[in-house]
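Q: Order-wise, the sequence lines are chains A and B. In terms of the numbering used here, the first sequence opens at residue 1 and continues consecutively. In terms of the numbering used here, the second sequence opens at residue 1 and continues consecutively.
None of these hints come from the bench; they were simulated from the model. It cannot be assumed that every hint is accurate.
One copy or two, it doesn't matter: identical chains are merged, so the pair holds either way.
Here are the computed lysine to any residue pairs in the SDA-like style, where the Cα-Cα straight-line distance is at most 20 Å [said to hold, decoys possible]:
#1 Lys345 to Thr78
#2 Lys269 to Thr281
#3 Lys421 to Thr211
#4 Lys345 to Glu234
#5 Lys345 to Ser290
#6 Lys255 to Gly75
#7 Lys345 to Ala235
#8 Lys255 to Val113
#9 Lys239 to Leu444
Protein chains: 2
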Amino acid sequence: MDPARSVLLTDLYQLTMLQGYFEQRMDERAAFEFFVRNLPAGRNFLMAAGLAQALDYLEHLRFMPEELDWLNRSGRFTPAFIDYLAEFRFRGDVFAMPEGTLFFTDEPILRVVAPLPQAQLVESRLINLLHFQTVIASKAARCVLAAPNKLLVDFGFRRAHGAEAGLLAARATYLAGFGGSSTVLAGPMYDVPVFGTMAHSFVQAHEDELTAFDHFASAQPDNVVLLIDTYDTEAAAAKVVELAPRLRERGIAIKAVRLDSGDLVDHAKRVRAILDRGGLTETGIFSSGSLDEYELQRLLNAGAPIDGFGVGTRLDTSADAPYLDCAYKMVEYGGEPRMKLSEGKITWPGRKQVYRRYDDAGEMVGDTLALETDDCAGEPLLSQVMRNGRQTRPKESLSEVRDRAQRRLAALPEPLRDIAKPGSYPVEIAPGLVLLRQRLSERLRRH
Amino acid sequence: MDPARSVLLTDLYQLTMLQGYFEQRMDERAAFEFFVRNLPAGRNFLMAAGLAQALDYLEHLRFMPEELDWLNRSGRFTPAFIDYLAEFRFRGDVFAMPEGTLFFTDEPILRVVAPLPQAQLVESRLINLLHFQTVIASKAARCVLAAPNKLLVDFGFRRAHGAEAGLLAARATYLAGFGGSSTVLAGPMYDVPVFGTMAHSFVQAHEDELTAFDHFASAQPDNVVLLIDTYDTEAAAAKVVELAPRLRERGIAIKAVRLDSGDLVDHAKRVRAILDRGGLTETGIFSSGSLDEYELQRLLNAGAPIDGFGVGTRLDTSADAPYLDCAYKMVEYGGEPRMKLSEGKITWPGRKQVYRRYDDAGEMVGDTLALETDDCAGEPLLSQVMRNGRQTRPKESLSEVRDRAQRRLAALPEPLRDIAKPGSYPVEIAPGLVLLRQRLSERLRRH
Chain A
1 MDPARSVLLT
11 DLYQLTMLQG
21 YFEQRMDERA
31 AFEFFVRNLP
41 AGRNFLMAAG
51 LAQALDYLEH
61 LRFMPEELDW
71 LNRSGRFTPA
81 FIDYLAEFRF
91 RGDVFAMPEG
101 TLFFTDEPIL
111 RVVAPLPQAQ
121 LVESRLINLL
131 HFQTVIASKA
141 ARCVLAAPNK
151 LLVDFGFRRA
161 HGAEAGLLAA
171 RATYLAGFGG
181 SSTVLAGPMY
191 DVPVFGTMAH
201 SFVQAHEDEL
211 TAFDHFASAQ
221 PDNVVLLIDT
231 YDTEAAAAKV
241 VELAPRLRER
251 GIAIKAVRLD
261 SGDLVDHAKR
271 VRAILDRGGL
281 TETGIFSSGS
291 LDEYELQRLL
301 NAGAPIDGFG
311 VGTRLDTSAD
321 APYLDCAYKM
331 VEYGGEPRMK
341 LSEGKITWPG
351 RKQVYRRYDD
361 AGEMVGDTLA
371 LETDDCAGEP
381 LLSQVMRNGR
391 QTRPKESLSE
401 VRDRAQRRLA
411 ALPEPLRDIA
421 KPGSYPVEIA
431 PGLVLLRQRL
441 SERLRRH
Chain B
1 MDPARSVLLT
11 DLYQLTMLQG
21 YFEQRMDERA
31 AFEFFVRNLP
41 AGRNFLMAAG
51 LAQALDYLEH
61 LRFMPEELDW
71 LNRSGRFTPA
81 FIDYLAEFRF
91 RGDVFAMPEG
101 TLFFTDEPIL
111 RVVAPLPQAQ
121 LVESRLINLL
131 HFQTVIASKA
141 ARCVLAAPNK
151 LLVDFGFRRA
161 HGAEAGLLAA
171 RATYLAGFGG
181 SSTVLAGPMY
191 DVPVFGTMAH
201 SFVQAHEDEL
211 TAFDHFASAQ
221 PDNVVLLIDT
231 YDTEAAAAKV
241 VELAPRLRER
251 GIAIKAVRLD
261 SGDLVDHAKR
271 VRAILDRGGL
281 TETGIFSSGS
291 LDEYELQRLL
301 NAGAPIDGFG
311 VGTRLDTSAD
321 APYLDCAYKM
331 VEYGGEPRMK
341 LSEGKITWPG
351 RKQVYRRYDD
361 AGEMVGDTLA
371 LETDDCAGEP
381 LLSQVMRNGR
391 QTRPKESLSE
401 VRDRAQRRLA
411 ALPEPLRDIA
421 KPGSYPVEIA
431 PGLVLLRQRL
441 SERLRRH
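Here chain A stands alone, though its shape is the one from the complex:
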């Protein structure tokens, strides 16, 4: 069985609380919202991602016999509760921003409305799925802003945090505008275009570099990208020039060379000159090695003649901001708005909507965070995506999501597009919501 699909992929406290709800027959409808409390340093916006996996999870959630057995044997739960879990399904409603939507502090990107135990149990895995892809899509979007019109390829699987992280990073980076990923399984699983070149070991395994290049070109005649930094980058570029006519006779073109170490600006300039002098003006330069949006910007500003980039570890781990201060919080129960007052973590009560306003050129100018029942100007960003546990819309293809994400990025105001400077975006809180929080917190403090 696929552990990633197990309902036990949750925190134990969800189950201990459920036992409490079960005994007290607390199953009125509850609303929970997922939002980010603060944007990390170095992020002017976030890009929502992970909804497809979240909805898939909710639709298929159930306890398998061996899982019930294990819970039973743990001695923590009553037999009646275990029987109840055997029939447990998610039958709630979900409202969400579509994947690829840009969002800001305190704006919910997803709301679950369901009988309390259902809305509660799913917290851990919902956060796990939405958080990670949002982290990665947001980082990838910054790479796209830093290197517009360049081919960007996700190279991060090996240092991603496990299997699912690697696969979902391939999905989230493509969604945010990358050209594809080196992770093969992301092809069949998510329709992400897959890219591959060669590693140093291929060169090392041969007695000489030229033979290695020749062998690789013979084996992959339609996709000849040669790694040239194993020993001496410029010497290898000269060997590429030497090899090219022999390959041309066999109908093989050298698509690109790859640089993976050293000063990439210097090497790219020298290699470009060597290739051009050798008549290989159509052979591109692809580069990798410790890249992220800051390094992409630096390379391009320095005039490095690089056509494409493999971006790996720092992207797939979102190294400068590997997590978000996000939460999935109860905002309503039994028809009454709810909040918590915990220091530094006060929440906005009630079911909320985000309205976004644009100027005539289609650029975003400001959002309003309001109660769902308020009537505000602008485009409402959340809409219903699940009813009674069933998705309300046909599944989108990932390339459709990607197109929308590109339109969303195009509407981003100029100051927020700068990857190096903090820029802020106006998110107003509607008066009705301010008033509700004030009244509710006074009432709770009196208790």
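Chain A is already provided as a structure; the job is to place chain B on it using the hints.
A: Okay, now just chain B, sitting in the frame of chain A:
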């Protein structure tokens, strides 16, 4: 099918290279070693972890019919190569440091010796498995050093990078000395003890906090840990004191209260006083919320009377060092030592062994990185764990691994135990290895 077990969980270049090796009939034995190039800032040592999953992966690696179909349809590979992949198995030998071993820059923790295509294909997933658990075990070991004799529980699943990251983080933190995890599935999958309390939503769903506490205690009478910061921490502590006698009549003891926000030192001191005055001297204080080794040390140095800690996001993402500069590099092919000269990434050629020396008190005093064939003083850290694709030893239980990790941590020299100060550890390079690298790099530069 479980995607985490798919052989397509690899980089495309492994397969394009394999097609080249296949066509050239390059299948002599190769040796590859996994090591870390540089320790990240804030790490005086690393703890090896992930070997069990790595060996399991190697033992079960094969191409499934639907995977071969997909590769065939991709149009990148020849039919003869696809047929070859259908029979592909890992039949190599593996040498490794046991999980829980402490290690340093350039020291291989694993060596694969196998026909070249076998040793090559497994690179991506081997790195993915060894890297992540090593990152997490190393971070968790620092938490253990910062809070000795305290109960530490992994709370990080929700912001771990996906399902496998959450599960393997539960495993790696327990291995490194944590008491357990809140991730339920880590129980049945890895025999990690599972812990759970309650969330704010449980309190919020009730009309008043006291009733919420009462209901939770009734549902989980053997494990009453009450979260007291939803509205007003000290007021809630007073309610706990009020509730205690009524629960005692029903034979229920309040094991602990949990703090999750605000100034934890202040709150813990005030709550301790309230509980003690109310006669609840046996009720512990458990704390969570943005913790890591630095914060654990700060809290304990400030005298916070806290008995246990839930450590989450910053641990499971290893927030201050979310990745390692690690590599899996070819060191030998066809009986000849190999290396690369890429700038800043020169490798040590040949099959290597790490020898560790101890003083009379059992404390580590220095390591030697040497060729396997050298004869050095000290304990050799790598030994054979797989022969011809089969594990050579019975599987260890995770608690055995954990015991070994604790013994290894106990042997760590004092300067390296300081989580706040950089400390260095002597790793000598044996003369034979220095000489080999010198000779080989001269030969390669002449080429």
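Q: Now, for every hint given, state plainly whether the structure supports it.
A: Hints and how they fare:
{"no.": "1", "hint": "Lys345 to Thr78", "in the structure": "neither (34 Å within a copy, 58 Å between copies)"}
{"no.": "2", "hint": "Lys269 to Thr281", "in the structure": "within (13 Å within a copy, 71 Å between copies)"}
{"no.": "3", "hint": "Lys421 to Thr211", "in the structure": "neither (47 Å within a copy, 49 Å between copies)"}
{"no.": "4", "hint": "Lys345 to Glu234", "in the structure": "between (56 Å within a copy, 17 Å between copies)"}
{"no.": "5", "hint": "Lys345 to Ser290", "in the structure": "between (36 Å within a copy, 12 Å between copies)"}
{"no.": "6", "hint": "Lys255 to Gly75", "in the structure": "between (62 Å within a copy, 17 Å between copies)"}
{"no.": "7", "hint": "Lys345 to Ala235", "in the structure": "between (59 Å within a copy, 18 Å between copies)"}
{"no.": "8", "hint": "Lys255 to Val113", "in the structure": "neither (52 Å within a copy, 33 Å between copies)"}
{"no.": "9", "hint": "Lys239 to Leu444", "in the structure": "between (75 Å within a copy, 15 Å between copies)"}
This entry does not satisfy hints 1, 3, 8, going by the numbered hints stated previously.
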